[in-house]
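If you read the protein sequences in the order shown, they are chains A and B. Our numbering puts the first sequence at residues 1 to 445. Our numbering puts the second sequence at residues 1 to 546.
Just so you know, these hints were derived from the structure itself, not from any lab. In this text the structure is predicted, and so the values were computed from the model without any measurement. Some hints could be false.
Each computed DMTMM-like pair below joins lysine to aspartate or glutamate, with the alpha-carbon atoms no more than 20 Å apart [what the hints assert, rightly or not]: (1) Lys81/B x Glu95/A; (2) Lys64/A x Glu79/B; (3) Lys112/B x Glu98/A; (4) Lys81/B x Glu98/A; (5) Lys337/B x Asp443/A; (6) Lys166/B x Glu88/A; (7) Lys166/B x Glu95/A; (8) Lys129/B x Glu415/A; (9) Lys337/B x Asp76/A; (10) Lys264/A x Asp225/B; (11) Lys65/A x Asp170/B; (12) Lys393/A x Glu492/B; (13) Lys293/B x Glu222/A; (14) Lys545/B x Glu269/A; (15) Lys184/A x Asp225/B; (16) Lys266/A x Asp225/B; (17) Lys322/A x Glu79/B; (18) Lys545/B x Asp273/A; (19) Lys184/A x Asp443/A; (20) Lys545/B x Glu435/A; (21) Lys65/A x Glu79/B; (22) Lys230/B x Glu269/A.
Sample of chain B residues with no beta-carbon within 12 Å of chain A, all distances over it, derived [what the hints assert, rightly or not]: (23) Arg69; (24) Val86; (25) Leu134; (26) Lys442; (27) Phe453; (28) Cys497.
Ideal Cβ positions, reconstructed from N, Cα and C, are used throughout, including at glycine.
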Amino acid sequence: MAIILSEVEAKALLTKVLSYSKADECEVNLSGDVSGNIRYARNEVSTSGSRANQNLVVQSAFGKKVGTATVDEFDDASLEKVVRRAEELARLAPENPEYVSILGPQTYLKSNGYFDSTAKLTPDARADAVAKSLELTRAQNLTAAGFMEDTHGYQAMMNSKGLFAYYPSTNVNFSLTVRTADGKGSGYVIKGFSDVSKLDTAAATRIASQKAVASASAVALEPGKYTVILEPTAGTVLLENLFFALDARSADEGRSFLSKPGGKTKLGEKIVDPRVTIYSDPTNAELPASPWAGDGQAQQRLNWIEKGVVKNMAYSRYWAQKQGKTPVPFPNNVIMAGGTASLEDMIKSTARGILVTKLWYIRTEDPQTLLLTGLTRDGTFYIENGKIKHAVKNFRFNESPVIMLNNLETLGKPERVVSTESDSNYLIPPMKIREFTFSSLSDAV
Amino acid sequence: MNRRDFNQLLGMGTAGLLMPSLPVFSHAVSPEELVGNYMDVSAKKRLADAALNAAKSMGATYSDVRIGRYLNQFVLTRENKVQGIVNTVSYGVGIRVIVNGCWGFAAMANPKDEATVAKCAQTAVSIAKANARLQIEPVQLAPQKGYGEVSWKAPIRQNAFEVPIKEKVDLLLTANAAAMKNGVNFVNSVLFMVNEQKYFASTDGTYSDQDIHRIGPNFNVTAVDTQSGKFSTRNSLSSPMGMGYEYLQTSPADKVGGVTTRYNKGYNMLEDITSAAKQAKEKLTAKSVEAGKYDLVLDPSHLWLTIHESVGHPLELDRVLGYEANYAGTSFVTLDKLQSKNFAYGSKEVNLVDDKTQVGSLVAVGYDDEGVGTKKWDLVRDGVLVNYQAIRDQMHILGEKESHGCCYADNWSSVQFQRMPNVSLEAGKAPLSVENMIKDVKKGIYIIGDGSFSIDQQRYNFQFGGQLFYEIKDGQIAGMLKDVAYQANTREFWNSCAAVCDQSDYRLGGAFNDGKGQPAQSSAVSHGSATARFNGVNVINTARKI
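The shape of chain B in the complex, shown without the other chains (with noise of 0.2 Å):
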């Protein structure tokens, strides 16, 4: 993940919560220019026809039209003071083409006709003929079907955007007070909310219209005690989510209890933020672990940032291939350890699956960025590798015919590439609760809420912290531990995966700014999992005196 964007929009760190960057391009607007239509699809798909035809006539053997405009909403406060509430819309086109085997890309803010569109794919045209000298292999994509026109829509009960913002400033000053009132020195809190409406065209005869909602509420509290100068934070447990407002409307069903509450499909940010207020006081006092080897408990709000770097990542077949090299990394998931169809990623309860439909996930849409259908597939299937993530110049190489439709650009000025779909644990199929699941632990850590996280190049050592840790002894919790990490290696880690809790248990979690590319790209990803058990997991203990 793109730590700038983390530590801005969900880490805080300790200068508190800072003000997220505008994306590229993006101008602010008043609220209500972010409801209501903007271009009707025909006129958005003249402007697509414009930019194919002149691809076409120029050479391209395929080329592709996005037309997207990008709104997002941020508020954000501390204590009793909004910090600023900041309304952006980004509007464009972005053009690729295929000439003399060779990718092209080029993209214009604001297109006001089918001249300027057609001006823009000439450029890409141009880019690509500069670059086809420098190829060795041509692209080869794989084939698609042209759906026609089609459309798509987030299935929300409440568009955030339409929701006064005097609400969302309440909700948050209502919060962060109640935080201060149980005893903590500070809070920030914020609302982040994203609405893409993405037109896209291609030479295979699509023209999709998708409507994409996702929202993020946050927030961090830090409890001082000034006479030992020490401080501890606690972030919230909730999620960003491809929902509506109603995301932030519960109801019990969307509760789970325990040694603190957690939340699947509703959230409740003033309750949540209260118990963190009461947990981050009772850190500061808290034992310091001691380093060894634990059974870790693992709730789904800690162990979707595990599944994101140690399984997500690795299993991208541009990794795999070297073409995130210089950046990202590549993969120790090699294309031989898929062939030999026996590796084992995982024990026999690991079931590793893609999902870009997933309804209320961070990356559900119908169509992907290059017009592909999206679906569900394995990756890891009783333990051994079955699968990577791939889109359409990648399938030859799998011997794939078909896309897996994990294709996505994060503007109209980002140009399309591979990107995680949601890479979920499947719930055990036995029923058992985290309950059961913590009474047979003699030696363990339960774990909840994502924290600190580090991993190498090519996915094999890990480091995770989180946000609250309680020792189990003998199958009961013990307490409350403070200064943990866990450090493993990820074939090791998911080997060691002795049981996965029941459908009942499972939930989201997911990021905004997973980075990737360069320039650097950021997208959105859920993933979901029911609470895991991990066995003997090297935990250290991260306390220093400075």
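Just chain A, same shape as in the assembly (with noise of 0.2 Å):
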């Protein structure tokens, strides 16, 4: 059997796999994907690879009681083992009180997030956009260590209530680091998209090389506060962990960025400045997602921030039953909106700052103010009277995103990046932001 299944054969397994279920509530969730790799250090190809996985999930449950199995061959004597498995589990579970029955069928949101263009990559293809790249870097004498990884796989899901889920989708992310030869100036580019048509390999390399020889004499400068232009892909590390950060039960709780003294949260407060509105929308078509939720409940276009103000936190169906709320799903896609000024009308209207290009190794020093810290890496510019005037040394920072975002100056137009961090896609814009902390320099290259 293959590893990717159509929406009719995905049904077919489940409803074969429900067929053994004797449980009280039976839920099955089923992904398979394949995805392949090429990596390239030192103007060379280093590895490359490919990986095929299915997995097969069974929760059964006796009233609170729950169990759950994995598979990963899907012959009938396993399925059947497997859902066994599931149940022997489940009776001989303590009660989980936080247990809440299956949801029923629900109508999903249409969400193309599948390409056939990146579903059908070779290794050969693969080997000629890195060869793209190559050529570009070693006709420059500079050094190119990138990394190209795609993959195609669906998720589906069914249960004994009636709920089916099928979402079938493609992603490529591809990432280079160019080095000037005397190690001097290094540059950045990582791009990310659902159809790898959109993937340009040379326009890429071109935007890191270019970094990386203008980054070459770079100058220190004191550390402070400064007004810093983050490009999407530095504003994005900073921004996802307050996305990350938006689980209601943590702050109903007491120990988020959203709790308040006296045991209340800041819903519905404004906690930024009023022209942040941060929203998720699996049918955004450049930045597709699932239309459903692990455990099968409907992702809507959802605004979480709204003119500044807290309009949703993520609500567990168990804690929303507790509470009295309604479910909401953490998203599977976030997009901040922006305005319309390019980069280049955002470096024009400052006098002095700095232009950001990546953001590394960020870490959280307080959970309380989502107080971050990190460094500036691959990339950093001095801005004079509208234009870059030279590089300068990476600085590192401790800055909290709730404060940066209360100190806004502009938004440009929002982009499809990936988080260095995490690998995950976002739509995120430029960002001016004045009073950013920097607190000491690196002499890191």
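Work from the hints to combine the two standalone chains into their complex.
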């Protein structure tokens, strides 16, 4: 059997699995994916490979006693065995007071995240894409280290109350670091697409090469508070820490940046600049995502922060029931609305500031305030009177995305970016921020 | 380190402990399937020989085969609830070849017979041939003698997979109850157990069969002051270890007294969580640190992570050469610094060693993942840089003839590459207790336990937090501090090392999830040290208002 099942094949397989169930409730999640990768460094290929994976997870429940079992072989005997195993484990398990009965049939939005172009990539096509990148760096006496990884697959689920969901998707991420021969300059680029035909490795390589060359004669600036322009690749790794922390239970429990004195939360309160709107939308054409969550809940277009105000937090079905709220699943994509300014416009309007193209090694210093630390990397530039004057040495920063979004100057046009910390794709605008806190210098290139 | 895995297994974060994700290709099984022998050694040898012969017949000048069975067990709880019990097994074969001077690699799950393994070898050969067209320098392997048929087994006293689940659940729930009784609002706890059963064969004539065990108990307690809306946490002071269940059975000799109890080769979770609960509450009202220069006294439960980031990573030769430039980064310790033979990495007190043989450590094995017998070697001696960490295809760059034996893959499905061995700071030679070290400090901070960690891509500038901070005034502990992080430059920091306590204070710390490579692989690694003093380090205050 193929690893990637069509909707019809997945439905047939899931129906068969459920036919073996004797539990009060049974829910089955099924997935398959095939991915290929190629890695290069020192201007030559270092490793490459491919992986194929399929997995079926059965969750059986007797009352609130729940058992889960998994299998990666799909013959009839294995399928029946995995259902029996889940049932045995459920009978042996203590009651789970947080178990919530499975959902009935749901209606889902339409979202197209599957592209044949990506699904049909071959090892030769990957090597060709890398060859285009290497030709450019070798010709300029620059040194390239990069990675390209593509995945195509599907997820499906069905349960004993009649819910069925299926979503196929593809993705390709390409990242590249270009360094000058003397090791004094370094530039970076990362691109993510659902449709690989949008990936131009040569164009991406030119961006990283330009940053490498331009950053080669970096000058040290005193650490302190600066106006910064964060390219989307830099901004994303700060913002996603805010996205990850939008959980209602942690806020209600008093251990989140959304908790308030007196046991309350900041739901409904303005926490950042009114120009900030952060939402999720599985149907977004540039960042398509699955229209259902892993437990079968429908994903809607939903504002998390609207005009600076916390509009929604994620409620698990258990926590929503306990708190008398409507469940809200964690989103499958996150988009930050932007403005119309281009990066060039933002530089032109800056009297004195720093252009940050990438941030690195982001860690939370304080979950109470979302204070993060990390460093600039692979191209940081000083702006004076609307022009990039020269490269600057890298800085360590200590800053909270909440404080940062209160110090907002300008938002540019959102673009699809890949987080260098989590590999997740987002739509994020370039941002101009005042009083961003750089606390020390680094000699790293 | 890989942040996601770290958060999931150790950091736990504000949202509480997350369920660790299952390793790629693994599937859940019953606990009974986690013990006992799964395949006879002779059957593994037959499969391995089929792959080696197939590779050779298709033009490989070298090949190696890893047949691996990787077992994990997680037990996760919060407060009085079991959140999950997960048992996983991942079984498969990974085959690596050199053809036309270029590496090729292929892997497959659940290999059934010689023919399927030979086909996998064929895929590895065709990948090597495809990539050879983009190759500039052919791979040069350091010679390695074949050891014949050998085996190695971790010297554990009790296989954790043979301990009933109920006993593990009871341990965690008892600990949670103790934390709640001592006044915290939330507690998450976890037990994570690993067994790697690895068979390796190569065209050099080595057939090694190894059985590796690791265990990691951990918890996080949270105290909330509802009125002020403030909260504080304290994580376990345990370390993941290359041990069996005996790590959870302590004797008095395993404990280190002082301002709080710390643990050596045996960990008492109930005792530690009871202290943690009280300390998390104490933190809520502790004095916020005044930023400035302090002498730092760093406990091994903290210093391991600083060693890991500021010594372990920059001395990885593949980083120095640029192989990790696109992800983990490169290194400030360029080859000319080694060649100069006088690069002062640290003060004369600083002796740093690599060791893949240390009993009870996370990386201890008999043979690495390319058939090299493991060993111990110096990185920094009397403060001077003397070596890197390197594997067979890098040794010619160092002018050495024998690999260091630190090649590792995190799964049969991953290609092996250079990974960090235990990198440790040797204890001081002169007798020195922690108490006497503190007596000498006028204005300092004593830091226990690991916290936030961040370092640049060439490993110059770092910032570390911790779990517990105590102010030292005129040689005395003056009380608890909070909002502490220190920032330093690697070389300045190690050159500010004024003293290291003696061997009686030496302990291992470590982590399961050191991330490196693309696709990312994680490895477990230990770092030993005794308490050490660093003078005049820049401390910042991390408190903010939002």
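| field | Hints that the structure is at odds with (numbers, increasing) | value | Numbers 3, 8, 9, 15, 24, 25, 27 - these are the hints that the structure violates, sorted from lowest upward.
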